[in-house]
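Student: Protein chains in written order, with the working numbering: chain A, 1 to 287; chain B, 1 to 270; chain C, 1 to 293.
It is worth saying that the hints were derived from the structure and are not from the lab.
Check the hints yourself; a few may be wrong.
[As the list claims (entries may be wrong)] Simulated crosslink set (DSS-like; lysine-lysine; CA at most 30 Å straight-line): (1) C:Lys59 / C:Lys125; (2) B:Lys22 / C:Lys106; (3) C:Lys50 / C:Lys230; (4) B:Lys113 / B:Lys78; (5) C:Lys125 / C:Lys106; (6) B:Lys253 / C:Lys125.
Nothing here was measured: the structure is a model prediction, and the numbers come from that model.
What follows is the residue order along each chain.
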Amino acid sequence: MAEASTAPRARHGSGLNLRLWLPLSWVTLLVVVAVFARWIAPHDPLAQDLLLERLPPFFMSGSEPGYWLGTDSLGRDVLSRMIYGAQIALFVSVIAASATCVFGSVLGMLAGYYGGWAERIISRLVDIWMAFPPVLFAVLLVAVMGTGLTSVIAAIALIDWTRFARVVRAETLVQTRMDYVDSARIGGARRASTLWTEILPNVLPTIIALLMLEMGIAIIVEAILSFVNLSISTDDPTWGSMIAEGRNAIHFAWWVLLFPLIALFFSVLSFSVLGEGLRQRFDPVLQ
Amino acid sequence: MTATPFFSVRNLHLSFADRAHKPLFGPAPRIEVLKGLDLDIGEGRITGIVGESGSGKSTLGRVLVRLLDPDSGNVMFKGQDIAGLDEEALRPLRRDLQMIFQDPMSSLNPRHKVWRIIAQPMKRYGLGGTREQATEALVRVGLPAEFGDRFPHQLSGGQRQRVGIARAIAVGPSFILADEIVSGLDVSSQAHVLMLLSKLAKEMGLTVAFISHDLSVIRHLCDDVIVLDHGVIVDNGPVEQVFDDPQSDVTRKLLAAIPLPEMDDTWFER
Amino acid sequence: MTRTVLDIMNLTVNLPNRTRILRDVSLSLEPGEVRALVGESGAGKSMIGKAVLGILPPKVRISEGEILLDNEHLGAMTPVTRRNTVARMSALIPQDPLTALNPLRKIGPQIVDPLRRIHGWSADKARARALELLDRVHIRAPERVMASYPHELSGGMRQRILIAAAFAPSPRLIVADEPTTALDVTVQKEILKLIRELQRETGTAVLFVTHDMGVVAKISQKVTVLFAGKVMEDAPTEQVFSGAAHPYTRALINATPSSADPSRSFTPVPAQLVADLHREIAQDDHLYMTVTS
C-alpha cells in the first residue's frame, strides 16, 4: 500500500547519514593516523626525557611547545604514544575480529542450516564455552600462551566466537525457512551451495554488524589485557598500558589517563554505531 | 490418460516433530500431517488441492516436488518411486518438477535482476541461460522484454508472480506445483495470473497441481480436485462431480462458505 | 433530516509532499447500517477508517473535509476531547487477530480494562459485560477464556474475542478493517454471521473494509467503491449487484469467481479501464497541485 511504503523511506533522512558519517570519519582518522604514524607522530613514542616529565597539555600553563597533549611520568609524548597505540589497537581489532567472525559465523551457519547433529554439537559447545567468565578466560589463555600480539588475538577469537555462532545460527535458521531457499533447490542448486550462494548474502548484514561490534570489543579486550600487563611488552605504546600507567598519576597528571581513554571510548562507540548503520545500508528490506 | 498415471501416491505418511511439546529429555512428539494418502494425478490435467489451514495441502505439494521427505509410502512419478531418493539421485528429476511460490517477494532473490532470476535455473540445468532465453520466457508470460533489467521490488505483485511463472516454465518442466499463487494478489491481477497459467499449461502440455483455499477459483481453473481435511482425503474427482455431488460434509461446508459476488439472503442460514 | 452516526464530507488526506491518499471522499452511515468500503490494495479503503478513528500513520494528515461522529464535528474539538469522543463512541475490529492482542496479558483484562478506563464502568459491571459478550460470540467457557493468554487460542477464537471486545461498550460505530482476510473460508463465514447478528441486535453501524466483492454482497446494505483514494460509486448493495453500476464496480464483480457460469463471469479488470481511471486521476491531481500551490 502506498501509505505503508512511505513510512520507512522517511527514516532515510539526513539524521541517519550523520549517524553514519560521524563514526566513519573517526574510523578513517584512526586508520590514517595508524598507517602514517611514523610521519605524523611528533616524537619517538619510546623516547624518555626525565627533564620533560609530566608536562601538561597545550592549553594549560607550564606546557611545552611540541608536546600537544603533554607527557607521562617518564617524559614520553602522550600524543605520539596515542598515535602508535592506534596502530596496535587497529591491528588487533581487525585481525582478531575477522578471525572471530569467520570462525564463529561458519559454525553458526552450519548449525542453523543443517540442523541435526551439526546443530546439537555446535550448540552444546557454545553453551559450555559461554559458561567461562570471558575476561578471566582471556587472562588465563595469555598467561599460558605467553604475552604478545598473537596470544592477544588468539585469546579474543577463542573467547568471542560464540557471539557470532549464536546470532548467526539464529539468523540462518530464519533464512533457511524462507521460500527463496526452496526455490533455489527447485531451480537446481545443490544443498551445500545454497548455503553460500543464497543464504550467506542474506545473513551478511547481520554478520557485518556483529563484525563491527567485535572490532570495538577487541579494542577493549586488548586494553584490558594491557592494563593487567598481559598484552605486549610494557614499553610498547598501547592505549591500555597508557591507561594503566596514567592511573598511578591520576591526581597530578590526569591527561596521561584521559586522552587514551577518550580515544578508546570513541573508537568502540564508532564501531558499534557503524555496524548498525552498515547493516541498514546492506539490508534491502530496510531500504 | 496413459496407463501409468503421471503421479501416483500410495499410503503417504508424513509427520513433523512438535518442538513446542518436547520433553526435557528424549525426542519431541510427532504431529501427523499426512495420514496415509492415496491419489493419482493425471497427465496434462490441472488438479486442485484444497483444504483449510492445517489440512496438509501445502505439505502434500512439497512432497510431490520432493522438498519434503515422507515418513513412508510411495510417490510414483512417471513410474519411478521418488519418495526415497536422495539429493543426488533427485537432481536429474528436479528440472521436471517445478514450483511457483505463494509469496513471490520472498521466493525471488531481491538482489538479482529479473532476467538473472529466470536464467539462473536454466544455467544450472545446462539449458543455456542466456539473456535472450530469459527475455523469451518473460515475453511468454506477457511481460515486456525490458522488465529483465528490473529488480523484483520494482514490480507489482501480479508482475512478480509472472516472473515466478516464467522461471518455472523456462526450464521446460512437465509438472508445476502452484502453491496459493494468487492468494496475495488483488482481484484484478488474480484473474490475469490464473488465465496465464491455464493458457501455458494447455500450450505446453503441463501437468499442474494447484493448491488453494479458494474453491471458487479451483472450480474455474481445474479439471480435478482433491479435498483434504486434517491430513486425510475427503473428496477426490473431476471438479464438476465434486462440486455437484460432494461426498463429504467438509466439502459441503467449504462450498457453502464461499461468499459469491451475488445477493443471496439465505447464505447465512446454509 | 435523518440522524447519522457517521458523516464524512469531502475528506482529503495527504502525505507531506501533498500526494493525496484520499481524494474528496464523502459518505454517511445511518444507525444499524453496514456500509462496505471496497477497493484494491492502495485504494485507501483502510485510510478512511483510520481517519475516523484518529489513528492515521505518522505524517499523514487530513488536509480538507469534515468528519462528523454522531453529528459532532471531530475537527472542531481539542485533541483530547476528540480522542475521548472517538474512544467512547466507536470501536475497531482489526485485520490481524494474531497481533491485535497483547501476547503477555490475559484475555480478561484486555477486554475489561478499556470498559473501565474509557467508559468508567465498575470492575463488576465490566466483567459481567465481558462474560456476556464472550458468551454471545459462542465462546463455550468464557470464564476460562478470560483467564487464558492469546497464544492458547486459535485465530478464529481470537477474532471472536476481538468482536466481543468491540461490541462490549455498545458503541455507535464499529470500523471492521478486513476482519476476515486472514481466516479460512468456513471461519470467515462464522465471523461474518456473528458481526451481522450483533450489529442487528444492537443497532450499531458498521464501516466494513474489504477487498472481496463476495463479502460485500453478503454483509452490507450500502457500498462505497474506491479507486486510488477516489469514490467511484456509492450505492445500495442490491443495486450494485443487480446491474446498474460504475464500470469499475462491474469489473471488480466480474473479477471475483462466481458459481453461476464458470466460463463467463471470471474476467480480469480490463487494463484499458484501469489506464483510463489513472489518467482521469492524474488530470485531477495536476489541477489540484496547480490550485493549491
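Student: Just pull the numbers of the violated hints for me, sorted ascending.
Tutor: 1, 4 and 6
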